[in-house]
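Colleague: Now for the letters of each chain:
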Amino acid sequence: MSQPKGLGDGGKTLKEVLQENRRLYAETGCYAGITDPHVLQDDPVKAELFHSRIMSALISGRETCKMISGSPFVGEVAELCMGLYTPEGDNIIQSTGIQVHIRLMGDNVTWMVENEYEAEVGINDGDLFLANDPVIAGIHAPDLYDILPIFWEGEVVAWVCTVIMDMDVGAVSPGCMPATAVERGADGMKFCCEKIGSNDTIRRDFEIKIEIGLDLADLFLLDRKGAVAANIRVREEVKNLIREFGVDYFKSACREIIEEERRAQVARIRQRTVPGRFRDVVPFEIYMASVPASWLPAKKDVIRLIPMQMDILPDGRAVLDFDGVGEWGWHSFNPTPKALWGGLSISVVQTLSYDGRGNLGSLLPFEIKTPPVDSLFNPSQVKKLAMANPWPSVIDVFSLWCGMLGTAFYMRGFREEVFNYVSSSGWQLAGYDQYGNKRPMLGGNTGTFGAGASGVCDGVDTGGWIATPETDMGNAEIFEMFMPEMYLCRAFEPYSVGYGRFRSGVSVPTMDMLHRITVGIGSGAIGCAHDRIMPNIGLLGGYPGGKRNTFLIRYHNFQEMIEKRVPLIHEIGHPAEFTSQEHADVFYYDHMPPTIEIFDKEVLVCDNASAGGLGDPIEREPRLQKADLDNGQTNLDITRRVYCIEASYDEKAKEWVIDEDGTRRLREEKRRERLSRAVPVEEWWNRSRQRVLEKAIDPLLVEMYQSSMKLSEGFTREFKAFWGLAEDFTL
Amino acid sequence: MEYSKEELKDLYDGRLTWERVKQIMSHPKDDDRFDKYIDILQERVPWPERILLPLNEHLYVVEKDGQRIVKCDCGYEFGDYRRNWKLSALIFARDDYDKLHEVFPGGRSPNPQFCEVREFYCPGCASLLKVESVPVGCPIVFDFLPDIDAFYRDWLGRPLAQQADLMDLSYDTTAQWARKA
Chain W
0 MSQPKGLGDG GKTLKEVLQE NRRLYAETGC YAGITDPHVL QDDPVKAELF
50 HSRIMSALIS GRETCKMISG SPFVGEVAEL CMGLYTPEGD NIIQSTGIQV
100 HIRLMGDNVT WMVENEYEAE VGINDGDLFL ANDPVIAGIH APDLYDILPI
150 FWEGEVVAWV CTVIMDMDVG AVSPGCMPAT AVERGADGMK FCCEKIGSND
200 TIRRDFEIKI EIGLDLADLF LLDRKGAVAA NIRVREEVKN LIREFGVDYF
250 KSACREIIEE ERRAQVARIR QRTVPGRFRD VVPFEIYMAS VPASWLPAKK
300 DVIRLIPMQM DILPDGRAVL DFDGVGEWGW HSFNPTPKAL WGGLSISVVQ
350 TLSYDGRGNL GSLLPFEIKT PPVDSLFNPS QVKKLAMANP WPSVIDVFSL
400 WCGMLGTAFY MRGFREEVFN YVSSSGWQLA GYDQYGNKRP MLGGNTGTFG
450 AGASGVCDGV DTGGWIATPE TDMGNAEIFE MFMPEMYLCR AFEPYSVGYG
500 RFRSGVSVPT MDMLHRITVG IGSGAIGCAH DRIMPNIGLL GGYPGGKRNT
550 FLIRYHNFQE MIEKRVPLIH EIGHPAEFTS QEHADVFYYD HMPPTIEIFD
600 KEVLVCDNAS AGGLGDPIER EPRLQKADLD NGQTNLDITR RVYCIEASYD
650 EKAKEWVIDE DGTRRLREEK RRERLSRAVP VEEWWNRSRQ RVLEKAIDPL
700 LVEMYQSSMK LSEGFTREFK AFWGLAEDFT L
Chain R
0 MEYSKEELKD LYDGRLTWER VKQIMSHPKD DDRFDKYIDI LQERVPWPER
50 ILLPLNEHLY VVEKDGQRIV KCDCGYEFGD YRRNWKLSAL IFARDDYDKL
100 HEVFPGGRSP NPQFCEVREF YCPGCASLLK VESVPVGCPI VFDFLPDIDA
150 FYRDWLGRPL AQQADLMDLS YDTTAQWARK A
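Residue numbers (numbering that gives the first Met the number 0), protein chains in the order written: chain W, 0 to 730; chain R, 0 to 180.
Below, computed lysine-lysine pairings styled on DSS-like, alpha-carbon distance capped at 25 Å: (1) R:21 to W:625; (2) W:694 to R:179; (3) W:669 to R:85; (4) W:669 to R:98; (5) W:694 to R:98.
By construction, these hints were calculated from the structure, which means they are not laboratory data.
Start from the sequences, fold in the hints, and give me the full structure.
Modeller: Written out as structure tokens, the structure is:
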């Protein structure tokens, strides 16, 4: 009896193709064992044409999707991306967009291959697969991966995948990425590489499930149709390419594109960085005690420490190690080891592989050591957990990773490449919108944070959103149609800045006044993980951007204010005075507000902070500060107090004038002040050590260190070595 | 692709237009950048020791009397490069609201019960070398321990005359402090 023919190259099964390529990589260190790449080099013009045709297909596919989808997340903030993959799931080329998911989508294909989909589920031309389960690979359930195989003469020659962040997957309120979710079921619908259609058509029974199951069924289904159309468009262009270039060239060129990028990435690391050991720490705050979770073990506050180390090796590879990370918990913030690759994917395309060639090869020189089992990054109970919000700690980790890499660029003289980023947190809602529909609501407003400073100029204002490099603040008018809100603020917030010789970009707070909402609840939308502790994102002597804040404004008598034409609040002003308003009560919430009732005409405020400044602020060139003063991006208080620059406003010329003598005097005074107030580190160490010995630090921090020590001998050893503690010392 | 030293000086001093900076960012990187960078830095410091590697805006790993030490551009010496230079710096810890509000007023301030903002200054010139924002009780971070021998030998192709074992010497210092305490 003859064996059934496999769907892979030469009649092999896809699993055999996968195993063979992994073996060849392990044996040679070259992708798919390509030790002598020549197909592309033999005819560079042909190779360039080939690459650009695929890239164009992916980008135009993405645009196609935007035309079909009705979601402002797709149209306004670019939360989508496409990739072309090898038969076993290795990324060849990616479109622009939310490139976090490029490797993760491929991991889903690989998972299907490993799990015998070929034999047990069936993979046919025109089959539509859908995935969004981080247990397999992904960030969180709202990120939907639409996956389509590309066949040529009965063989799977590639896959095309599209990711879209959907606004509703049926999760518990507030719905999109609920911080209240702690158990798996609360995340809403999960699709484990589920076949949702065939012959390029979504199954009717799947549509019915969505129509009945989701509040925003129309948006969800339009997103699917947009993604399927995009995938089909790319598939057909790939078939055109195969007709034109030949299938053998297609197969060889696709694999060589990955190997070429792997080699290029190693060369970039060797050209632009310095080998050695880089270290940093990320504190991650999770305040669940007041969150209405029905699984009671979840109701507690914890802080987790995430030590991170990157070793850039002499051979040009880099190893990331999170030894010392604390334990997982019953909350929606535990990333999986694969999610860490998502953070690296998006960071790599903005720091090293930004020439449009980013693919799996960009990641092959990197290794992420498997985090300790039962740590925050590797929870053994992952199948039981809600996974709505693993993004915050991933953002924080890779923000610092960008800073580490930036330090390396700086040391090699490529100061123009230095930067880091930050994220923020805000509000998400559920309730009845202005059209009378009950549904989850999440605003965009992603491109509002200032990016970290560069080593040669100030950071980009409102340009610090890492997830997708091209996002901006979006059209407020579109979100106002989609959400029962009116946007009240588009003013730069000077105190958001990370100060330095070069400052970070300036952030813009969001102030969204609820308008025509009935029955509303609000809760935190968690994009960052800090409230009491600022992230360590100051660069080379610069300060981190100040702490971000979440507020709710409740006017005493809104209607009367309108009738008397009293100005509404529309900017933060001085941070020490914002909570004292004449006509309103201002309530402060930490970065993850528990579920609260909200009412029409209340204002939800996300007071963003920026990433890091670079260098000593008192070395900032006054001309740069004058420009900021003239442009309204800073004020005289900051100019004098932080930068020690004396300036005055020339009413006649309508511009700021720098007082050079006054500036010199202020700066000399600042240096004297520093020397008089600072102490040798040994003196500080003795004082601080005593606090550790006496356990005179907050119990949450004590528990945080205990948690890291529980999982790591190395962390315990180094903690004790730094503080000079006896081996039998316990916190 | 290569740039003149004069243009690189302007780049580092923030004097190029954004359009030119963007061009430099987008173009393939220049292979001779490190050597020109070191030349520029060496011209700018008032002392003769050879710079092996800049660490930040003011500190350099330099070769001095057969040793590799960290040195500030003002001339202050921090000791062996394998020992975290921060241990030889001055520190000002913003560990209460008054000190934090000087930089981060009102709601911009972290909570000092949980967070300490440590400023490390050069004892020689009072330059702010690093701001570290970490949980209270967190050991000082040793940001970067360079593998200088591998760098010069394997990446630049010109090994240094004297080799040094790659090891973290910081804990020798804290052990000494503990013995004194």
